[in-house]
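S.K.: Given next are the chains, with one letter for each unit.
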Amino acid sequence: MNKYVVLIQRSIREALRTPEALFPTIFIPLFFLVVNVGQAAEIFPSTSTPFLAGQNYAAFQLPSALLLAASFGTAALYLVEDIEGGYFDKLRAAPIPRTAIVFGRLAAEALKSAAIAIVMVLIALPFGIRIASGPLGFVLLILLTATWAVVFSGFMQLIALKTRSAAATNSAGLIFFPLLFLTPNFVPRPLLTRPMEIAATYNPVTYIMEGMRSLVLHDLEWPAIGRGFAVVAGAGALMVLFSVRSIRRYD
Amino acid sequence: MTYAIEAQQLVKHYTGRGGDVEAVRGVDLHVREGEVFGFLGPNGAGKSTTVRMLTTLMTITSGSARVAGVDVTADPEAARLRIGVALQEAGLDIRQSGRELVILQGRLYGLSPAQAAERANDLLKLVDLDGDADRRIKGYSGGMKRRLDLASALVHRPDVLFLDEPTTGLDPASRLTVWDELRRINDQGTTVFLTTQYLEEADQLCERLAIIDAGLIVAEGTPSELKADLRQRRGLTQEPTLDDVFLEATGRTRERAAGEVQEVHA
Ligand SMILES: Nc1ncnc2c1ncn2[C@@H]1O[C@H](COP(=O)(O)OP(=O)(O)OP(=O)(O)O)[C@@H](O)[C@H]1O
Ligand SMILES: [Mg+2]
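One line per chain: the protein sequences are P and H, in this order. For the first sequence, my numbering gives the first residue as 2, with consecutive numbering after it. For the second sequence, my numbering gives the first residue as 34, with consecutive numbering after it.
Same shape as in the complex, but just chain P (with noise of 0.2 Å):
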């Protein structure tokens, strides 16, 4: 356990010692809800739109902005760097389960993004958000963003193990694209056209999203809780799968 604990350490270390890489996954999703809201939000006055359960539309796409921030990846591309670089090696060679070497990463991944999703929803506030679930809402928030983000890490750290190869991990860092936008992202999934809703229905994120929106926008619902933590429970039970046998048979 001390052992994790140290590993632990050293990741969040290693992110507070690179402040380029860390900024970037604060401010590139804020600049998308300004953006964004920015386009929509005269389409979607308050008042008139029944979705957005009185608040602003700002509030709707918050949601996309906390699952963008934890869509990077980051801890693969430091993973990637122990590799190219030998130091993962050393840490291989050391009386440690190999899996603490990958998953140690994952913990601080946890920690990292509940704190960028923290200060985000902070930022937030003053701008008339508000998330209507209450105190719990809120915790419930920030453990969906930052579960999500270890699951997508951990993809991406998979990634890293299998090519080795910054520019693949990096490429493969793309795929939050697809990911993120085929979702109901700017309408709720009903008024989006039928391929849309279709392609939506069919990408687990659309949960996700739908989750952290509820939280945001209406009480404790649930069921679409329970669908967006159902959804990052599913794909980490088959990331840890998956990553166990790959660092089990790294070479």
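Hints were generated in silico from the structure; no laboratory data involved. The beta-carbon is built from N, C-alpha and C at its ideal position, and this holds for glycine as well. Warning: the hint list may mix true and false statements.
[As the list claims (entries may be wrong)] Listed below are several chain H residues computed to face chain P (Cβ distance under 10 Å; list not exhaustive):
no., residue
1, V118
2, L141
3, D276
[What the hints assert, rightly or not] So, partial list: chain P residues that the calculated Cβ filter (under 10 Å) puts toward chain H:
no., residue
4, L8
5, R18
6, N37
7, V38
8, Q40
9, Y79
10, Y88
11, D90
12, K91
13, A94
14, I97
[Said to hold, decoys possible] Derived BS3-like pairs: lysine-lysine, alpha-carbon spacing no greater than 27 Å straight-line:
no., chain 1, residue 1, chain 2, residue 2
15, H, K178, H, K158
16, P, K163, P, K4
17, P, K4, H, K178
18, P, K4, H, K171
19, H, K171, H, K158
20, H, K158, P, K4
Given chain P, work out where chain H with the ligands should sit, using these hints.
M.R.: Relative to the frame of chain P, chain H with the ligands by itself:
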């Protein structure tokens, strides 16, 4: 007789994007406890591959190996506790300071924070990095990185220490420091398995050595045995050097090696 390192018919066959290569083709090793053992061979002979197999970093295609009495395939975690390794390319995390890196390493081997800090202090002094210990590794020179890598391989006082070309890229003074340090570590009972391209180093440090060429061991013995053997077989009047032994064992004579050098015209 118990051996610190015992390998039987080690084979490594690489497949994949790096090409299909039979890097190691049946290597037997018997390194005694407390010995400094030299592992020599030309570039690409299979030295690093052998080291990686013996240190649990790479799967063994066939054959078996025991290090410090532990089968590296059957119980890699137990083996890792007893092994220290500094690979050919120093594996460091450039965002940490030298001190942080060694402390982290100590913690991974089960030292308490206080023990790890104390050990790091000692080791950094030993490799002459105490003045730079709190700088980020990013700013270290190549030789400083090698010395730090060596220090980090020693945190847990391993029974068997593997060093893959530990003095490549070191200045003459640092090289002598590392030699002294290796002798000292060895005096305390640590077995040292050392690959090197410097035959003088092997001559100075190693009690016994093996020469590997194209994945097979082609000569083995103490430096003086190997020299005496060559002298006898060739009927030489003078004592040959270890260079001569190396060139002969790997099928390259001085004359041939010289003949292969061709001038390049612009
Ligand atoms: N990952 C790999 N994939 C394919 N072939 C490899 C790989 N690593 C090493 N080889 C091959 O295995 C052989 C032995 O390599 P190795 O690195 O063990 O040699 P070495 O004796 O350490 O050489 P050097 O003195 O240059 O360090 C070489 O022919 C090399 O091309
Ligand atoms: Mg080598």
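S.K.: Does each hint fit the structure? Answer for all of them.
M.R.: Results for each hint:
The beta carbon of V118(H) is positioned within 10 Å of a beta carbon in chain P (closest approach about 5 Å), and the interface hint is therefore held. Given hint, L141(H) at the interface with chain P, holds; its Cβ is 4 Å from that chain's nearest Cβ, closer than 10 Å. For D276(H), the shortest C-beta to C-beta distance to chain P is roughly 30 Å, which exceeds 10 Å, and the interface hint is violated. Taken as an interface hint, L8(P) checks out: its beta carbon lies about 8 Å from the nearest beta carbon of chain H, inside 10 Å.
The closest approach between the C-beta of R18(P) and any C-beta of chain H is roughly 5 Å, which is under the 10 Å cut-off, so the hint is satisfied. The interface hint given for N37(P) is violated, since its Cβ lies 35 Å from the closest Cβ of chain H, which is over the 10 Å cut-off. Using the Cβ-Cβ criterion of 10 Å, the hint placing V38(P) at the interface with chain H is not satisfied: the shortest such distance is roughly 36 Å. Of the supplied interface hints, the one on Q40(P) is violated, with its beta-carbon coming no nearer than about 39 Å to a beta-carbon of chain H, more than 10 Å.
Taking 10 Å as the C-beta cut-off, the interface hint given for Y79(P) holds, the closest approach to chain H being about 9 Å. Because the beta carbon of Y88(P) sits about 5 Å from the nearest beta carbon in chain H, less than 10 Å, this interface hint is met. A cut of 10 Å between beta carbons decides the hint on D90(P): the least distance to chain H is about 5 Å, and the hint holds. With a cut of 10 Å, the hint placing K91(P) at the interface with chain H holds, because the nearest CB-to-CB distance is about 4 Å.
Interface hint status for A94(P): upheld, as the beta-carbon distance to the closest one in chain H is roughly 5 Å, under 10 Å. The restraint placing I97(P) at the interface with chain H holds, with a minimum CB-CB distance near 6 Å, inside the 10 Å limit. With a CA separation close to 14 Å, the supplied pair K178(H) and K158(H) stays within the 27 Å bound. For the proposed pair K163(P) and K4(P), the alpha carbon gap of about 25 Å is at most 27 Å, so the pair holds.
A distance of roughly 24 Å separates the Cα atoms of K4(P) and K178(H); the hinted pair therefore holds under the 27 Å criterion. A threshold of 27 Å between alpha carbons decides the hint, and for K4(P) with K171(H) the separation of about 24 Å falls inside it, so the pair holds. A threshold of 27 Å between alpha carbons decides the hint, and for K171(H) with K158(H) the separation of about 19 Å falls inside it, so the pair holds. Pair hint K158(H) plus K4(P) holds up; C-alpha atoms about 25 Å apart against a cutoff of 27 Å.
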